[in-house]
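Quick mapping for you: the protein sequence lines, in order, are chains A and B. Mapping the first sequence onto this note's numbering, position 44 (from 1) lands on 44, and the numbers just tick up by one. Just so we're on the same page, this note's numbering is the position in the second sequence counted from 1, plus 275.
Keep in mind the hints are simulated off the structure, nothing from the lab. C-beta: ideal position from N, C-alpha, C; glycine also. Treat the hints with care, since some could be wrong.
[Claimed, not checked] Short, incomplete list of chain A residues facing chain B, as computed with Cβ under 8 Å:
| hint | residue |
| --- | --- |
| 1 | V68 |
| 2 | R75 |
| 3 | S83 |
| 4 | Y137 |
| 5 | D234 |
[Unchecked claim] Non-contacting residues of chain A with respect to chain B, defined by C-beta distances greater than 10 Å in every case (computed):
| hint | residue |
| --- | --- |
| 6 | D63 |
| 7 | G76 |
| 8 | I107 |
| 9 | A117 |
| 10 | G143 |
| 11 | R202 |
| 12 | L231 |
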Amino acid sequence: MSRIVVSDVWQEYGDQIVLERISITIEPRSFVALVGPSGCGKSTFLRLLLGDEAPTRGTITLDGAPLVAEPGPDRGVVFQRYSVFPHLTVLGNVLLGLELSGSRTRIRLFGAARRTAIDAARAMIAAVGLSGSEDKYPAQLSGGMQQRLALAQALVMKPKVLLLDEPFGALDPGIRAEIHELMKTLWHETALTVVMVTHDMREAFTLATRIIAFERPRNRPEERERYGANLSQDIAIWPPRIAGGPSQFSPDRDGPATDLGQYRDDPTIPPVSGA
Amino acid sequence: MRWINLKPSRTTGLILAILPFVVVLIAYAMGSAARLADNPGDKLLPGLATFADAINRMAFVPDQRTGELFLWADTSASLGRLGASLGIATVIALLTGMLVGMFPYFRALLAPFIAVISMVPPLALLPVLFIVMGLGETSKIMLIVIGITPIMMRDLAFKVRDLPHEQLVKAQTLGGSSWQIAMRVVLPQTLPRLFTCLKLQLGPAWLFLIAAEAISSDSGLGYRIFLVRRYLSMDVIFTYVAWITLLAVLMNLALDWLRVSIFPWTKGSAA
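All chains, please: the whole structure from these sequences, using the hints.
Right under this line is the structure:
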């Protein structure tokens with residue numbers, strides 16, 4: 001599975017300390033939402049998980065192996081913008097991952113391998129509700145459809161971890177609700193750990209199993225440089241959402257809670273008595 | 276209504292587009308008529324009939340001594356040089372631009388060098404080229420290549436660096452190697468810019484071509500213009516200038532058309 005262990009991570013840019021003393025264990029199959037005010041290092045933290053940056057201090061391990069400071073096919077990503085390739089059609093975008101991972105030197109697939117890949121890509125496109133748009137370019141799609149495409153493109157690689165950087169922030173509420181449903185379905189049906197950065201508390205509480213808040217404990221102007229953000233809240237959603245399990249929730253808000261015997265997505269933590 | 280909100284209709288737009296050309300033609304015709312009225316032998320602003328004669332002489336009547344049709348022989352000589360140098364410049368600029376844009380090590384190695392090289396005035400190097408490479412085709416082609424390549428390299432490197440970082444990260448999460456990312460993500464998005472870049476460098480390319488031909492050549496559009504200059508043959512010079520302009524405009528349009536038909540997603544953008 002895909003347990004991410006972050007231990008005592010600091011991230012500094014020159015004199016500026018952005019994150020300090022970050023330690024967290026993200027269990028397999030959990031859906032973690034990272035929330036917090038702007039500029040508090042949520043996206044920086046996501047980039048560390050992605051391998052786009054290396055932490056100044058501390059270690060991050062995925063399944064016990066230290067994370068290389070380079071993005072790789074085990075971690076999929078969807079950004080708020082620029083996640084899809086403008087020069088490829090919908091099918092081409094989803095196919096790209098299969099083509100690239102098919103071989104390290106060849107840049108295209110041929111024959112049977114290509115047909116298999118196209119079938120897989122079409123199935124993924126259908127799963128995110130984009131059937132019929134296979135030959136369109138991203139510029140011809142609406143914002144919501146582009147993000148669906150980005151999800152399909154990332155998920156066709158079957159990553160262990162899916163990292164989302166405010167993926168639905170630019171969408172209007174109706175489209176966002178639809179894509180939340182899609183996200184829930186995908187999370188339930190795919191063997192996936194999700195870490196999502198969001199500004200939207202409602203989104204965090206609608207989707208996640210666990211919500212982590214980033215905050216700068218010292219935020220006076222003269223302190224900003226030298227003190228980074230750390231984890232101020234770690235909220236487990238109640239009743240717990242279990243990946244693949246039946247939902248305890250009415251579509252958008254919490255219904256009556258029943259005790260499933262687990263307090264949070266982290267099974268190693270014993271249930272709180274009386275909860 | 277405010278002026279910024281007033282838009283011409285299609286017909287008005289067309290008329291407005293043609294207007295400056297007509298104004299220039301009329302101004303020329305008036306100037307020419309005034310000078311010819313003073314002195315029928317005036318060579319500075321020849322009349323339109325003289326142009327028809329010049330076009331006929333240069334394009335359709337074979338030269339008595341060589342049997343050549345000058346306009347076509349000159350055009351093919353010039354376009355050959357232009358084509359060869361644009362081809363060489365394109366290959367060098369694309370390769371270097373992508374290397375410098377994509378790989379930090381190549382950027383550290385080459386970016387400052389290219390920045391300095393692109394400041395060397397190419398025409399100042401022309402004597403060096405003539406001395407080192409002789410007066411043949413090589414030195415002329417080299418002049419154009421030296422003149423336009425550094426700017427194209429920089430432009431393409433900037434374009435590559437302008438690709439959103441998110442795209443490169445995404446391509447890596449899809450399992451792409453550097454080579455695959457170069458071929459499948461960077462190259463297809465850089466090629467449209469190459470067309471635009473070539474289009475913008477056509478002007479300088481013609482400048483260097485004509486400069487090289489003017490100094491040392493025995494054929495070519497620039498050679499002819501500077502040859503007939505001695506006889507004050509304004510009719511031939513103007514005809515050649517108009518012809519060069521037409522060729523450049525056609526190349527411009529062709530490059531735009533090629534870009535949009537090869538890369539349909541760039542339609543409506545300047546790439």
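Going through the hints against the structure:
1. V68: Violated, about 11 Å.
2. R75: Check passed: Cβ of A/R75 comes within 6 Å of chain B, closer than 8 Å.
3. S83: Status holds, d = 6 Å.
4. Y137: It holds, given that the least Cβ distance between A/Y137 and chain B is near 5 Å, below 8 Å.
5. D234: With a closest approach of 27 Å, the A/D234 hint is violated.
6. D63: holds (17 Å)
7. G76: violated (6 Å)
8. I107: violated (5 Å)
9. A117: holds (12 Å)
10. G143: Per Cβ check, A/G143 is outside 10 Å of chain B; nearest 15 Å; holds.
11. R202: It holds; A/R202 is separated from chain B by about 25 Å at its closest Cβ, greater than 10 Å.
12. L231: For A/L231, whose nearest Cβ neighbour in chain B is about 24 Å away, the distance exceeds 10 Å, so it holds.
In summary, the numbered hints that this structure violates are 1, 5, 7 and 8.
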